[in-house]
Structure formats: structure tokens, C-alpha cells
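Asker: Here are the chains, one letter per residue:
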Amino acid sequence: MKRNPTLFVVLLALSLVLVAFLFTPVVLSLLAGVTVNFQDGLGSGFTGQWVAQVLELYTPSVGLSLLVAFSCLAVVLVLGVPAAYGFSRGKAPGLSLLEDLLLLPMAVPGLASALGLLLVYGSWTAFRGSWLFILVGHVLFTLPFLIRPVQAVLGSVDLKAQEETASTLGAGPLKRFFTVVIPAARGGIVSGSLMVLALSFGEFNLTWMLHTPDTKTLPVGLADSYASLRLEVASAYTLVFFVLIVPLLVLIQLFGNPPSGKKVRS
Amino acid sequence: MPPSHGARLSLSVSKTFAKKTKVLDRVTFDVEAGETFVILGPSGCGKSTLLRILAGLESADPGSSVQMDGHEVVDVPAERRNVGLVFQRYALFPHLDVHRNIEYGLKIRGVPRADRDARVEELLTLVDLPDFGRRRVSTLSGGQMQRVALARALAPHPRVLLLDEPMTALDAKLKERLRTELHELLGRVGITTVYVTHDQTEALSLADHVVVMDHGRVDHIGTPQQIYEAPRDSFTASFVGTMNVLTGAWLAPSLPGFEGRVLFRPEEILVVPSGQGAFDAQVTTVFFQGERSRLVLRVDDEEFVTDVATSQAPAAGAWVGIQWNFRRNP
Chain A
3 MKRNPTLFVV
13 LLALSLVLVA
23 FLFTPVVLSL
33 LAGVTVNFQD
43 GLGSGFTGQW
53 VAQVLELYTP
63 SVGLSLLVAF
73 SCLAVVLVLG
83 VPAAYGFSRG
93 KAPGLSLLED
103 LLLLPMAVPG
113 LASALGLLLV
123 YGSWTAFRGS
133 WLFILVGHVL
143 FTLPFLIRPV
153 QAVLGSVDLK
163 AQEETASTLG
173 AGPLKRFFTV
183 VIPAARGGIV
193 SGSLMVLALS
203 FGEFNLTWML
213 HTPDTKTLPV
223 GLADSYASLR
233 LEVASAYTLV
243 FFVLIVPLLV
253 LIQLFGNPPS
263 GKKVRS
Chain B
6 MPPSHGARLS
16 LSVSKTFAKK
26 TKVLDRVTFD
36 VEAGETFVIL
46 GPSGCGKSTL
56 LRILAGLESA
66 DPGSSVQMDG
76 HEVVDVPAER
86 RNVGLVFQRY
96 ALFPHLDVHR
106 NIEYGLKIRG
116 VPRADRDARV
126 EELLTLVDLP
136 DFGRRRVSTL
146 SGGQMQRVAL
156 ARALAPHPRV
166 LLLDEPMTAL
176 DAKLKERLRT
186 ELHELLGRVG
196 ITTVYVTHDQ
206 TEALSLADHV
216 VVMDHGRVDH
226 IGTPQQIYEA
236 PRDSFTASFV
246 GTMNVLTGAW
256 LAPSLPGFEG
266 RVLFRPEEIL
276 VVPSGQGAFD
286 AQVTTVFFQG
296 ERSRLVLRVD
306 DEEFVTDVAT
316 SQAPAAGAWV
326 GIQWNFRRNP
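If you're matching them up, the sequences are chains A and B in order.
Each residue of the first sequence is one higher than the last, beginning at 3 in the working numbering.
Each residue of the second sequence is one higher than the last, beginning at 6 in the working numbering.
Quick caveat, the hints were computed from the structure, so don't treat them as lab data.
One or more of the hints may lead you astray.
[Claimed, not checked] Below, computed lysine-lysine pairings styled on DSS-like, alpha-carbon distance capped at 30 Å: (1) 177(A) x 162(A); (2) 93(A) x 162(A); (3) 180(B) x 162(A); (4) 112(B) x 177(A); (5) 24(B) x 162(A); (6) 162(A) x 112(B); (7) 177(A) x 93(A); (8) 93(A) x 24(B); (9) 93(A) x 25(B); (10) 93(A) x 27(B); (11) 162(A) x 27(B); (12) 25(B) x 162(A).
Taking the hints into account, I'd like the entire structure generated from these sequences.
Answerer: Okay, structure coming up:
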């Protein structure tokens, strides 16, 4: 195809303007977190004091967010992989209805899901006050993001033949699940898991409704700091959040290609 | 015959799917220990379902029976039935290399490492794939995959080997070579083998015995020779080989006992010069097939075929005489 030089330059310029429009706030926000006084501009000099302050104030939040995210992943894996397998193989009536129900938290606003949880379990004080309450919300919200990609991989016809071959080779249902099904679903499990971690780590909507002063996750702390502390601290907070979440997003890009049957087939 | 390592099979199976579809209707036959038994039939005749029931992957209707060496196994699940199975598309485990694929059944059974390795080596030699152990299965050709699938199925010393259309996924030329190889291999192993196919060439060349199935029923059972010589008006005769049909009343004088139609194989007539046979026919098409050529002939708007040596083949459009050459009663 012949390239039109004028058109190319125009399109390139347009793209650059768009990128600048999107990234300037991000970059400024990050810069604000290391500037002595953002009102006076970058000329006021750089400092690590705001980041230090954030770490001092919010280390428990970082810890809690990591705890919730990894616990959430563990629970979602234990529930989600067998569920995805069940959905891809099962023929029971009502199964697709159940599937749709599980996807519901994706579409319903997090606030609504949280409200539901509060209405039903809110009076159970010990539970309501613990981080497990937030965990339940996160599991509800992230479960479909694991089930979907895993189910896509498990639907392949080849896998069914592999399982049947395994059974003639002496493998019972559990052994088949662990030696044939799980390895086949590996691509879907990895991409789904990274997605679950990132979603749980950044979840604000639901968490904001469910949290107590003792169970503040990182995004809730961020809102907190924007609302009540100086701009530089909130920006430093964003910086910390970025440092934690970006590696995860990079991993998703690397391993999280939409899983296809091809990847795991010969 | 090599010493037999296989079980004697004896079955009598019916299968009704939901909505009352009868896919197998009291299919009954015996398979001798160590023989290669082919289930032949068109697609939809129930042969694959039958194989799945043999493997324990599908349940049969109540009252059905599958016996191995006299033991009833119809309710034994696949994982405890000790049969080897090779699917049409081989279903190798893509996340394991060749060695681990073959080793799978041994590992599941808890066979110690050293014994497993020795057995895998033995099988790699048997299927003529030495040094392939560490290859990824995705790098194998179709024929190599087939041999790995065979080795995997044979590794745990199954009592019966089940093959479901194992040649279908291969191209024609490879098919022919692998058929010969498979025949030799099965002979060397000496295992009872049940082989499902819709391809009559495969069936006739591999089998000790063949069962021809049609619409969930057994049409004929016998040696390949007996199958080929099944009564002319049976499903088997029309499905196996080519069967010509002519119905013209003018045939009566040349055929004692003619009752409205005659069925004959291509080799049961001879092409002679025009006027010297029982009747004359016109050659409409000549298909060159190497040493032999197939003639399509027409008489009174009915067509039939025969084969002649290419060097003697008439040209399309020519009139030739047809002489009957029955070796048994028409």
C-alpha cells in the first residue's frame, strides 16, 4: 500500500495530541507527588517527603490491599476453576441461568452489591468489621473475570477426548481434573488470575461501602487522602499505587492475551 | 498368530439415547483373544457409540453385557476397565512431551520411575520413534502422533486395544503406508484389537473378522472374504466393494433363474469384442487408474462398471460385448 505523506503527518500529530491529552494529568499527578510545593510549580524542587509520609500513614492499607487481593485470588481460583469446568461440561437444566447470575455483579454497580451485603450481613458485627467482609465483596465482583477465560479454553472438543483418553489410561475424575483439565486451562487461569488481582487491588466502589476505619484498602485510602490531606500527599499516594499496580498490568499484557483453544492445543 | 496378550470379548449391547432413539439394537458378537476385529459401517450406524461402550465411556441399556474373558465389565468405569483407546484425532496431551504422554497411564497406576522409563523406551522402539521422547507433541507429524497415541494406549498393558477411525485424519498416501505398519505392529503385539472404520479397504486389509453394521444392527459378521461374498442383496454386499445392478427384462435369456434384476461385482463380467458376449454395452467413461482402468458402461439407460487392464481398455464411445463370469450363483 502506498503511504500518503501528508495524511501520515496529520494522523501522527492527531495521535500525539490525544496521547498528550490523556497522559498530561497522569504525569502531572505523579510529579506533584515528588514536588515540594505544587502551587509554586516544579521550581520549588523535588522531595521524597510526601511519599515517605504516605508510606508511614498508609502502610497498613498497602498490606491489607495485598492481603485482600491474594486471598481473593485464592478463593476465586478454588471456586472459579471447578465452576468453569462445570459450566463447560454440565448439562443440568438451569445451569446457564446460574452462569448468568454469576455474571451479574459485573453489570450491577458495586455500590448496589455492597448495599445488598450490608443489608443481609451488616448486623453480624464481627464479620462486618473484619477484612473478610471486603473479601466477600471482592470475590463476588471478580469471580466472573476468572470463570470466563477459563471456560473459553475448557470448551474445546479436543479436551474432552483427552479426558476420555486419560480415563481409559486409569485416571479417575480427580486425577483427570488435575493432570489434564488444569494444565489445558493454564492460559485462561493465568490471564484470569492477573485480572482478578488487578481488579481486587484497584476496587473502590464496593470497598468504599464495605470498609470500616480499620479495614481501609489502598484505593479507599487514596480517596481519603484526596479528601482530607494536601494535594502533594494524595499525589504521592497515586505514585505508590502506580508502582504497585503497573507491574501487574504489564504481566496482564504479557500473559493475558485472550485465551484461545489454539494456544493449548497441538 | 503370536502369543495372545489380549482378552476374549463377548458382547451383547443395546443403546437408546434420550428421545427414544435406538442407536444400537442388540448388537451381539464375540472377539477372539488376540485377533483384530473391525467394526465397519457408514457414519451414523452406531459403531463409534459401540466402541465408547466397550471403553466404558458410555453406558449401555440395562440388560446389555460386555464380557472380558468371561468377566462382566459393563458396569466397570473406564478408568478400571484396562482398555487402550486411540481416538481419530489422537487426543495427545499437549502440555506433556512424547515421553510423558506415553508414561501417563503408568504414572497414574503408580509404577516406579525406573520401570516407567524402561517401558517407555520399549514402546518408542516398538513404534519406531526412538529419540523422540523429549519432543513436544505439537512438533509431530500426523503419522508420528498416531504412533505416540498407540504407544500411550499400549503402555499399561491393556487387555483390549480400541481404535476409533485412526486413519481418518491422515492423507491418502500416508494412510496406505501406515495401514501396513499398523497391521504389522498389531501382529507383533498380539493384543485383542477392536477397530472402528467406515473405510472398507482398511477393514478388509486389517481384519481377522469384520462386523458390518447398518442403522444400529449387525448386518453381517465374518472373515473379510466372507463379508465380500455376503448375499448380493444384503446391505453388506452394497456397502463393501462395488455392486452393479441391472433390471432389463432382455437379460432373462442369458441368465437362467433371472427374477427381474441381477446383482454382480465388477470382476464378475468380462469385456469381449462386440457381438461375442451375452449382450452389448457402450463405454461412456474410462477412468485411468494405473495398471487397471475402470470402465463405466451403459445399456438401455442403466449404468454399470468393470475394470480392465489399461493396455486393453476400449475408448469412450466404443461398443463392447459383455460376458458373464460368475464364480458363484448370481
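Asker: Now, for every hint given, state plainly whether the structure supports it.
Answerer: Hints versus structure:
Restraint check: the Cα-Cα separation between residue 177(A) and residue 162(A) comes to about 14 Å, which is no more than 30 Å; the hinted pair holds. Restraint check for residue 93(A) and residue 162(A): satisfied, since their Cα atoms lie roughly 14 Å apart, inside the 30 Å limit. For the given pair, residue 180(B) sits about 25 Å from residue 162(A) by alpha-carbon distance, which is consistent with the 30 Å threshold. Between the alpha carbons of residue 112(B) and residue 177(A) the distance comes to roughly 11 Å, so the proposed pair stays at or under 30 Å and holds.
Proximity of residue 24(B) to residue 162(A) is assessed by CA-CA distance (about 24 Å); at most 30 Å being required, the pair is judged to hold. For the hint pairing residue 162(A) with residue 112(B), the CA-to-CA distance comes to about 21 Å; that is within 30 Å, so the pair holds. Taking the CA atoms of residue 177(A) and residue 93(A), the gap is about 22 Å. The hint holds against a cut of 30 Å. Distance restraint check for residue 93(A) and residue 24(B): the Cα-Cα separation of roughly 16 Å lies within the 30 Å cut-off, and the hinted pair is therefore satisfied.
The suggested pairing of residue 93(A) with residue 25(B) holds, with an alpha-carbon distance near 18 Å, which does not exceed 30 Å. Under the criterion of a C-alpha separation no larger than 30 Å, the hint pairing residue 93(A) with residue 27(B) is consistent with the structure, at around 21 Å. A C-alpha spacing of about 24 Å is found between residue 162(A) and residue 27(B), which places the hinted pair at or below 30 Å, so the restraint holds. Distance restraint check for residue 25(B) and residue 162(A): the Cα-Cα separation of roughly 25 Å lies within the 30 Å cut-off, and the hinted pair is therefore satisfied.
The structure meets every hint from the earlier list without exception.
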